[in-house]
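Asker: With chain D's structure known, arrange chain Y with the ligands on it following the hints.
In the order they appear, the protein sequences are chains D and Y. Residues in the first sequence are numbered consecutively from 1, following the working numbering. Residues in the second sequence are numbered consecutively from 1, following the working numbering.
By construction, these hints were calculated from the structure, which means they are not laboratory data. Note that this is a predicted model, so its numbers are computed, not measured. Take the hints with a grain of salt, since some may be wrong.
As the list claims (entries may be wrong) - Ranges of calculated distance between the beta carbons of each label pair, as one might list FRET restraints:
| no. | chain 1 | residue 1 | chain 2 | residue 2 | range |
| --- | --- | --- | --- | --- | --- |
| 1 | D | I60 | Y | D95 | 35 to 41 Å |
| 2 | D | D267 | Y | D95 | 54 to 60 Å |
| 3 | Y | K60 | D | H305 | 45 to 51 Å |
| 4 | Y | K89 | D | I95 | 32 to 38 Å |
| 5 | D | H305 | Y | A63 | 43 to 49 Å |
Claimed, not checked - Reference listing, derived: stretches of chain Y covered by chain D, where coverage requires no fewer than 3 residues with Cβ under 8 Å from a Cβ of chain D:
| no. | region |
| --- | --- |
| 6 | 42-53 |
| 7 | 76-84 |
| 8 | 97-107 |
For each residue, glycine too, the CB sits at the ideal point set by N, CA and C.
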Amino acid sequence: MSETIKTDVVIIGAGPVGLFAVFELGLLDIKTHLVDILDKVGGQCAELYPEKPIYDIPGIPIITGNGLSEALMEQIKPFHPTFHLGEMVTTIENIGDPLYRVTTDTGKTFECKSVVIAAGGGSFQPKRPPIVGIEPYEDKSVFYAVRKMENFRGKDVMIVGGGDSALDWTLNLQPIAKRLTLVHRRDDFRGAPDSVNKMRALVAAGSMDLRIGQVTDLEGSDGQLTAASIKDKDGTVSRVACDAMLPFFGLTMKLGPVSDWGLEMEDELVKVDVSTFETNRHGIFAIGDINTYPGKLKLILSGFHEGALMAQRVHHYVHPQKRLVFQYTTSSTSLQKKLGVA
Amino acid sequence: MPKVTFIEHDGTVHTVEAELGATVMETALRNDVSSIVAECGGGCTCATCHVYVDEAWVEKAGAPSPQEETELDAAFDVRPNSRLSCQIKVTEDLDGLVVRTPSYQGR
Ligand SMILES: Cc1cc2nc3c(=O)[nH]c(=O)nc-3n(C[C@H](O)[C@H](O)[C@H](O)COP(=O)(O)OP(=O)(O)OC[C@H]3O[C@@H](n4cnc5c(N)ncnc54)[C@H](O)[C@@H]3O)c2cc1C
Ligand code: FES
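Chain D with its partners taken away, still in its complex shape:
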């Protein structure tokens, strides 16, 4: 396990609301670390509608999902937030008054005075293929990510999908697998052309198999796969030996571990106090799409407002001796110093 990272606040989720929270907290001298399961920042804006325009960000008549993420990154630069991408927060333990230990699925731990949950629609997680009876194999012989390549050495590996993840892992695992089979529903790949060419060359050399079709059935016992059935375009079904499978069908939003954190919830949303956006656990806050309160609107601008009020309350926990003075960025030299403009 790595060393514990000490900071003022851990923000769970680097969507637009988590990003803007860095700004509001930063103005109050509160240091932040952000964790997101995606390998990029921007949450829904970056993952679901990067190129689509948003028309209701106050003062910005039109901006794309990606454009907004980039603009927010620029705006929070002066506060030097630290990002931990590709990691999911799994637990929040209370170890003081209030002091929290936050742990991620890679074993990283943080110690912080407040936790801000900006988990939006939940964590983006791999889509599970609708193959009847796949659950018992998951994490034993069906994997949605490769944590350690060595686990695939000498195995009959089946990779399913046609994008970059499927192709990259095909190229990485082919040399160490006993036999690698790539299964895709059509003979056209959306991955990088270079990877497609490399894969095709391996197929031509007889070093791996490419099957055009869809997986319909799994065989095995006690979580250990032995074979998979593939249905090709004309409906013919055939069996392929396989003792490890990696399906890559993109991502979908699932609530994930948020429901295990002892928070009062309603319809998979975290209940908050509307004057502070604090949850039922002191020092744990919820802002953006993940929270609920009377009149809640799942809009980016609402999440920004929630972040500003949250920061005022977090200040009590992080700097209990300091009095909070209300200031404008327009006229306060002290705020402007923090922003690096004065």
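Answerer: Frame of chain D, contents of chain Y with the ligands only:
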């Protein structure tokens, strides 16, 4: 107004009026066809609005664009008549359109 019929996997049939120019996905959401998820709101980035176009309508509904074909890779049990319903716009020509929803949209 053109009519669109959704036949869900469990057999539930919804025949609804569709606004001209709206997408089939939007028509489904407005009429509570819950087996259309549409996580990305029509961005062609989620494949959770997957439908099977009734054989009689395949030609009129048209073929998927390359971008849609690519996104269909993230759908399940894809068939020759598979489309993403956010990429089909309702026109007078599609009055009477019948689509079926798959058993699973990925969530
Ligand atoms: C198609 C579409 C169009 C939209 N258009 C608009 C619009 O025009 N105007 C508007 O105001 N809003 C719009 N929205 C809504 C807007 O995108 C959301 O309100 C906004 O993204 C919420 O931001 P957020 O930061 O709260 O959450 P999200 O953007 O959902 O980000 C949350 C992040 O938290 C991460 N996460 C969750 N749990 C964990 C965990 N345990 N560990 C690590 N990371 C975790 C997730 O991976 C995700 O990246 C639209 C949404 C969609 C889908
Ligand atoms: S709504 Fe997401 S692809 Fe159609």
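Asker: The structure should be examined with respect to each hint, and the outcome stated for every one.
Answerer: Evaluated hints:
The hinted window of 35 to 41 Å between I60 (chain D) and D95 (chain Y) holds, with their beta carbons roughly 40 Å apart. Take D267 (chain D) and D95 (chain Y): their Cβ atoms lie about 37 Å apart, and the range 54 to 60 Å is violated. Between K60 (chain Y) and H305 (chain D) the beta carbon distance is about 47 Å. The supplied range of 45 to 51 Å therefore holds. About 56 Å separates the C-beta atoms of K89 (chain Y) and I95 (chain D), a value inconsistent with the hinted range of 32 to 38 Å.
In this structure the supplied range 43 to 49 Å holds for H305 (chain D) paired with A63 (chain Y), their Cβ-Cβ distance being about 45 Å. Counting residues of the region 42-53 of chain Y whose C-beta lies closer than 8 Å to any C-beta of chain D gives 5; at least three are required, and the coverage claim holds. Under the rule that three or more residues need a Cβ within less than 8 Å of chain D, the assignment of the region 76-84 of chain Y holds, with 3 such residues. Counting residues of the region 97-107 of chain Y whose C-beta lies closer than 8 Å to any C-beta of chain D gives 4; at least three are required, and the coverage claim holds.
Consistency note: the structure conflicts with the earlier hints numbered 2 and 4.
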